[in-house]
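J.: These are the residues of each chain, in order.
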Amino acid sequence: MGLNERDGFEQRLRDARAKQGLDKPPVPRGSRPAGSWGVGFRAGIEVVSALVVGVAIGVGLDRWLGTWPWLFLVFFVAGSVAGVLNVYRMFSPPKRRID
Amino acid sequence: MAAEGKATIDALHQFELVPALGEFGQTYMFSQSNLFMAIAVLVITFLMVAGMMRGAIVPGRLQALAETSYEFVHNMVVGQVGDEGKRYFPFVFCLFMFVLVGNMLGLIPYAFTFTSHIAVTFGLAALVFIVVTIVGLVIHGTHFFGYFFPEGAPKVLAPVIIPIEIISYLSRPISLSVRLFANMVAGHVMLIVFATFVVMIGSLGTIGYVGAVLPLAMNVALVGFELLVAFLQAYVFAILTSIYLHDAVHLH
Numbered sequence: 001m002g003l004n005e006r007d008g009f010e011q012r013l014r015d016a017r018a019k020q021g022l023d024k025p026p027v028p029r030g031s032r033p034a035g036s037w038g039v040g041f042r043a044g045i046e047v048v049s050a051l052v053v054g055v056a057i058g059v060g061l062d063r064w065l066g067t068w069p070w071l072f073l074v075f076f077v078a079g080s081v082a083g084v085l086n087v088y089r090m091f092s093p094p095k096r097r098i099d
Numbered sequence: 001m002a003a004e005g006k007a008t009i010d011a012l013h014q015f016e017l018v019p020a021l022g023e024f025g026q027t028y029m030f031s032q033s034n035l036f037m038a039i040a041v042l043v044i045t046f047l048m049v050a051g052m053m054r055g056a057i058v059p060g061r062l063q064a065l066a067e068t069s070y071e072f073v074h075n076m077v078v079g080q081v082g083d084e085g086k087r088y089f090p091f092v093f094c095l096f097m098f099v100l101v102g103n104m105l106g107l108i109p110y111a112f113t114f115t116s117h118i119a120v121t122f123g124l125a126a127l128v129f130i131v132v133t134i135v136g137l138v139i140h141g142t143h144f145f146g147y148f149f150p151e152g153a154p155k156v157l158a159p160v161i162i163p164i165e166i167i168s169y170l171s172r173p174i175s176l177s178v179r180l181f182a183n184m185v186a187g188h189v190m191l192i193v194f195a196t197f198v199v200m201i202g203s204l205g206t207i208g209y210v211g212a213v214l215p216l217a218m219n220v221a222l223v224g225f226e227l228l229v230a231f232l233q234a235y236v237f238a239i240l241t242s243i244y245l246h247d248a249v250h251l252h
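Sequences listed follow chains G and X, in order. Start counting the first sequence at 1; every next residue gets the next number (the working numbering). Start counting the second sequence at 1; every next residue gets the next number (the working numbering).
These are computed hints drawn from the structure, not numbers from a lab. Honestly, I wouldn't trust all of these hints.
Partial chain X-side listing against chain G, Cβ under 7 Å, derived [what the hints assert, rightly or not]: (1) 11; (2) 142; (3) 143; (4) 155; (5) 161; (6) 168; (7) 170.
The beta carbon of each residue, even a glycine, is placed where N, CA and C say it ideally should be.
When you get a sec, could you build the whole thing from the sequences and use the hints?
T.: Here it is, written out as structure tokens:
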């Protein structure tokens with residue numbers, strides 16, 4: 001930058017690019033280019049993977065402790081909630097930049 | 001595909017692993033998947049080394065490609081993680097290029113898509129998961145576990161929130177790997193199904209030749225779509241890695 005900034009070249013280049021519409025407005029954080037199908041697919045995977053982890057933990061603990069089916073039921077619900085949380089995080093506005 | 005005239009749809013055969021390179025592959029269990037991983041690494045190395053060999057001020061095509069991919073990933077990592085993300089750039093860049101080249105190589109006829117195996121994608125996702133967790137632990141020590149309990153939440157809810165947060169955290173490598181794997185499998189199954197339609201309808205004679213144009217056109221469109229998916233999935237893989245790194249570096 002430095003050298004070019006001296007004669008305002010970068011500024012003039014930015015102005016010229018903005019005039020031609022070459023500079024797209026910066027994409028907000030966390031957003032990804034995806035159609036509605038892509039978003040739906042992603043959300044589905046987020047829910048299912050959280051559910052899989054929850055059920056796996058539940059069944060694993062039940063096998064270990066011999067408490068079938070109680071921990072499975074608890075972690076099934078926890079997995080579902082985590083899935084919904086994942087989807088919520090997917091769409092929630094990125095507020096992290098403030099730190 | 002089966003012999004002419006009685007083509008059957010065998011969409012999953014293409015994902016079978018067979019020994020590559022004849023005798024050598026037999027002996028060392030070297031499958032075509034491994035072969036294409038090696039090819040992908042060679043292609044990436046060639047692109048970066050040969051592309052930057054001349055280091056011209058006005059880049060040629062190869063150099064422009066190398067520089068564009070470098071800057072693309074660099075901007076992504078710095079944009080997501082912040083300035084301290086620069087040290088993770090090599091990691092994300094390797095992942096991105098490996099997945100991207102793997103997806104793209106898979107679109108060449110007779111090539112094998114190694115990203116269509118869950119073993120491969122889960123291996124990559126597990127690597128990301130472990131690296132991100134270690135980064136978080138190294139930077140924040142035990143404070144890292146505060147990630148599982150948001151500040152300001154009532155203490156009474158801890159037994160509910162912590163398991164849910166842990167499940168949500170553990171689900172990351174699964175969603176990361178399944179997304180890439182499922183996209184690749186779905187795309188290649190669609191391609192072969194429509195390609196089989198072309199052969200099946202084409203074997204019906206003159207009317208068949210006319211009718212076969214439709215699935216053929218569909219296949220041409222699908223290849224274009226798959227090029228997009230190949231890039232998009234590599235991008236999603238890399239950007240999610242960056243987002244996870246951001247979480248590990250900044251804890252929310």
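J.: Can residue 168 of chain X be said to touch chain G, with a Cβ gap under 7 Å?
T.: holds (4 Å)
J.: Is the interface hint satisfied for residue 170 of chain X? The criterion is a beta-carbon contact with chain G at less than 7 Å.
T.: holds (5 Å)
J.: With chain G as the partner, please determine if residue 143 of chain X meets the hint condition of a C-beta pair closer than 7 Å.
T.: violated (14 Å)
J.: Close enough to count: is the Cβ of residue 155 of chain X nearer than 7 Å to one in chain G?
T.: violated (18 Å)
J.: Can the hint on residue 161 of chain X be confirmed by a CB-to-CB distance to chain G that is less than 7 Å?
T.: Given a least distance of 10 Å, the restraint on residue 161 of chain X is violated.
J.: Identify whether the interface hint at residue 11 of chain X stands, where standing means a beta carbon of chain G within less than 7 Å of its own.
T.: Residue 11 of chain X check fails; min Cβ-Cβ to chain G is 19 Å, beyond 7 Å.
J.: For the hint on residue 142 of chain X, just tell me whether its beta-carbon gets within less than 7 Å of chain G.
T.: violated (20 Å)
In summary, the structure is inconsistent with hints 1, 2, 3, 4, 5 from the numbered list given earlier, while agreeing with the others.
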